[in-house]
Amino acid sequence: MRAPVKSHVTLAIAVCCAWGLTLGCGGGGSSSQNASQAPIPTSGQNVQPIVVNTGPVGNYANGAFTSVTVCVPGSSTCQTISGVLVDIGSVGLRILSSSLTLTLPQQKAPSGDPVAECLPFLDSYTWGPVESADVEMSGEKASAVPIQVLSDTDFSVPSGCTDFGLQSADTLQALGANGLLGVGMYAQDCGGGCAQSGSYGLYYECPSSGCQPITEPLSAQVQNPVALFATDNNGVVIELPAVNGSEATLSGSLIFGIGTESNNGLGSATVYTLNSDAGITTEFNGQSYPNSFLDSGSNGLYFLDSAATSIPDCGDLTYFYCPANVENLSATNTGGNAASAAISFSVANADNLFNSDPNDAVFSQLAGPNPDSFDWGLPFFYGRDVFTAIQNAATPGGTGPYWAY
Amino acid sequence: MHDSGQAHHRNLIGRSLTALRRVGCGLVVSSLTLFASTSSFASLGGDLNSVLADQVQFQGSLKLTQMGSYQVHEIRMQTATASATQARLQTGIVIREYVSPAGKVFAVTWQGEAPPNMRQLLGSYFQQYVDAMKAQVSGRPGRRPVLIVEPDFVVQMSGRVRAYAGKAYLPGMLPSGVQPEALQ
Chain A
1 MRAPVKSHVT LAIAVCCAWG LTLGCGGGGS SSQNASQAPI PTSGQNVQPI VVNTGPVGNY
61 ANGAFTSVTV CVPGSSTCQT ISGVLVDIGS VGLRILSSSL TLTLPQQKAP SGDPVAECLP
121 FLDSYTWGPV ESADVEMSGE KASAVPIQVL SDTDFSVPSG CTDFGLQSAD TLQALGANGL
181 LGVGMYAQDC GGGCAQSGSY GLYYECPSSG CQPITEPLSA QVQNPVALFA TDNNGVVIEL
241 PAVNGSEATL SGSLIFGIGT ESNNGLGSAT VYTLNSDAGI TTEFNGQSYP NSFLDSGSNG
301 LYFLDSAATS IPDCGDLTYF YCPANVENLS ATNTGGNAAS AAISFSVANA DNLFNSDPND
361 AVFSQLAGPN PDSFDWGLPF FYGRDVFTAI QNAATPGGTG PYWAY
Chain B
406 MHDSGQAHHR NLIGRSLTAL RRVGCGLVVS SLTLFASTSS FASLGGDLNS VLADQVQFQG
466 SLKLTQMGSY QVHEIRMQTA TASATQARLQ TGIVIREYVS PAGKVFAVTW QGEAPPNMRQ
526 LLGSYFQQYV DAMKAQVSGR PGRRPVLIVE PDFVVQMSGR VRAYAGKAYL PGMLPSGVQP
586 EALQ
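The listed protein sequences derive, respectively, from chains A and B.
Here the working numbering is used: the first residue of the first sequence is 1, the next is one more, and so on.
Here the working numbering is used: the first residue of the second sequence is 406, the next is one more, and so on.
Derived by calculation from the structure, the hints in this document are not laboratory data.
We put the beta carbon where it would ideally sit given N, CA and C, even for glycine.
Treat the hints with caution; some may be incorrect.
Claimed, not checked - Over 10 Å on every C-beta distance to chain A, these chain B residues come out as not near it, computed from the model:
id, residue
1, Gln471
2, Gly473
3, Gln476
4, Gly547
5, Pro556
6, Pro576
As the list claims (entries may be wrong) - To be clear about the criterion: a stretch of chain B counts as covered by chain A if any three or more of its residues have a C-beta under 8 Å from a C-beta of chain A, and this derived list gives those stretches:
id, stretch
7, 518-527
8, 560-573
What the hints assert, rightly or not - Sample of chain B residues lacking proximity to chain A, with all beta carbon distances greater than 12 Å (derived):
id, residue
9, Met472
10, Pro506
11, Glu586
Make a model of the complete structure from these sequences and hints.
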């Protein structure tokens, strides 16, 4: 299942080289390039290839996908699953039941009943059993990792989950991916709140009479597999080349560890720690937005609204901006540690982006509204090495959590 | 399943009473009365009683702040541990309910390591929210924040796993001079 990925890699390198030549001949004006970006490692025991393409459904915009190998714990019975979205905005590995052919051990609550999880995202939830798998990527391995298997039918979705009011993402069509690889800045997907009480409605035990909320100990919660690697376990780096406008595909790397190998040092990257709102502060047009964040799993640059930006949304798709002409903008990010730097970015008309070439999947200028904050989604990552340090993990840039770029 | 759901519901009430006793005897009595008389716990668009019902339902502590013409009722679910606060991690959930001079909840906001129970928080607007969410996820797949703008009802949700933030308000009920950005 890795062969198709490699062919994408080859294609994308060709595309990038072509773009590089264009820039050298006097092109330019890319929205998010970083001239200082070093060559991206493509091999190594801690280097996992990623590709931005339309994904397994064939219509995803700005999704970075990779392959993950899951095994029955302690065995060589494994399956490699491609088309898994790389997401630093979430934590834990989630695989569609419909994409999984292995039978993995079900996690049991102290009562002996199976454990299932409802994880609310912003626009959808994932629901399904918590199971255990060995997780392998590049040369790294994490053993007996609690993961979520996404299925609305293994156990009935409880009211505590539907009460979030979100839509299910448990089908290939809805998710647009075979799974989510959550490699964000936490070791578990809920933390102390779920270990203290079941009141959040995230973890459930499921006797045949129906699923009921439970407390879930930290070690039993769905885990960031990177934090459980034997080495290179303090965070990740996402490296993707710069993009001028839109492309069909883009290849890069997910590199495990920060400052643990010769290929994952912080170099000239600036560390941005979290502020008291658990975000970074983005300043735009003289206003500060302290709930801002980086998220490879958001598929555009989502910020403010039409009233604050004077950029109209698209009449048909109100979650994207549709300016008459490309808007070139700038903002300043500041971390809790007062580290600060300006960012240039551009917003194009989403309708035009989608209509210009139906094969495009990489849109550096795709943006939409997100009142009161900046969600620096995948276009932000084009042309930048973005480091995500895991909570409590020691790194050369200090103890996580933080982002650096 | 229905029976066990009710059992869990009773359990919630039982535990919340313990929390309420810390707030004060007078409030406990009035909350109990209100709880018994309120079969649905409408919040957004509801009256002050619904704030107290929410507090019971979310098992939180309650803090009241007067902000000019309106009141902010802040409900905190769980508390931060010192180490978590130092690490700047989001802990617990903070819900703020904004009550107009006329005694109506015109806005609710939330921030925390999980989103709140939206059926509870949005009350009679919950179904409108669900219907609008369906429209949000139609079309080309992709993961993104949510902005629902309807003439009488606005919802925005942002953040990431373990750091969620959101706001819902009723534009037609905002007290004069109050801008949505001011509702934190």
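Here is how each hint holds up against the structure:
1. Gln471: Holds, because the least Cβ-Cβ distance between B/Gln471 and chain A comes to about 23 Å, which exceeds 10 Å.
2. Gly473: 20 Å, holds
3. Gln476: 21 Å, holds
4. Gly547: 4 Å, violated
5. Pro556: Non-interface label stands for B/Pro556: nearest chain A Cβ at 14 Å, farther than 10 Å.
6. Pro576: 12 Å, holds
7. 518-527: holds (count 8)
8. 560-573: holds (count 11)
9. Met472: 17 Å, holds
10. Pro506: 25 Å, holds
11. Glu586: 7 Å, violated
In summary, the structure is inconsistent with hints 4, 11 from the numbered list given earlier, while agreeing with the others.
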